[in-house]
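Enquirer: Sequence:
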Amino acid sequence: MDVQLNDIALFVEVAKRKNFSHAAEALNIPAATLSRRVTELERRVGMQLLTRTTRRIELTEAGALYFERCRHIIEEARVAHEQLHDMAAQPKGRLRISLTASLAQLVLPLVMREFTEQYPDIECEFDVSGRPVDPISNPFDLVLRFGQQPDSSLISRQIMVMSHQLYASHDYLARHGEPLTPIDLSHHDCLRFPSGEGGSFWMLHSGERVVRVQVFGRLIANNMGMLARLAARGMGVVPLPVFHTMEKAIERIGLVRVLPDWHLTPMPLFALLPSRAIPAKTRAFLDFIQPRLNERR
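In UniProt numbering, the protein residues as written are 1 to 297.
Incorrect hints may appear among the rest.
[What the hints assert, rightly or not] Okay, the calculated beta carbon distance ranges per label pair:
id, residue 1, residue 2, range
1, Ala31, Phe216, 51 to 61 Å
2, Ala26, His176, 52 to 62 Å
3, Glu208, Ala26, 45 to 55 Å
4, Arg36, Val111, 19 to 29 Å
5, Ser195, Arg257, 21 to 31 Å
6, Gln158, Leu180, 26 to 36 Å
7, Arg94, Glu208, 19 to 29 Å
To be clear, the hints were calculated from the coordinates, so they are not data collected in a lab. Small disclaimer: the values here were computed from a predicted structure and weren't measured. Ideal Cβ placement from N, Cα and C applies to all residues, glycine included.
With these hints in hand, go ahead and build the complete structure from the sequences.
Expert: Encoded structure:
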């Protein structure tokens, strides 16, 4: 069977995106050329791999099997080629990263200047929608998410376990008093993430002690950066992640620790990767941010 690896790579890109135009744009070749090459691949393997319609394409049963087997081969070949190239060069290329808006606002401004100075040949493209990532059509080199992730074909690697501590502004504490025990939080305005329960519950830890407190508040948002800014304006008590550079930013906006002997249940941060073979540009980013997130004052 006279099948070229390049043609398989073209098919994998089309199958990932389920759109010839989008795949052609990513590959920087004409869509007509891409369609002809994939049709020729189908002729050579002797089976239809794609079902084409005017709006999108779908994988046939044979195409789905072929894609599942071939995408790992293409990824391994691509990484092997890149690693050979990177033996004599700095990591380079476009690095596509998906992360939540909260994580982006809290982390990226604190570390990206140094990263871009250290790796001038890496172009970072960030997606901060936080939407679920489809493992098959995943367009990202790296996905960063808090908490345990659903089982998928993506490779999961824990970056850190991030502790969350409580903060409020001087103005808020002057007006409402400072909570002295975890139970006191039930009488304060607590700035919270959305919760599917009837109310929100915070699990607070101090050594071996654990206290579950139901908290209330008039302001709820799914963006930690927004909650931090609201707390800085005296709107309530907020849990914020704790790492070295973040502590400096918290101090700059005028927040102080509340219940300093207590912290919320630590939350793991995971890197989700499309393959165990990590390209040099992705490895450079992970190796750069991991020690900075794990720094402690």
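Enquirer: Sort out which numbered hints this structure fails and list those numbers smallest first.
Expert: 4, 7
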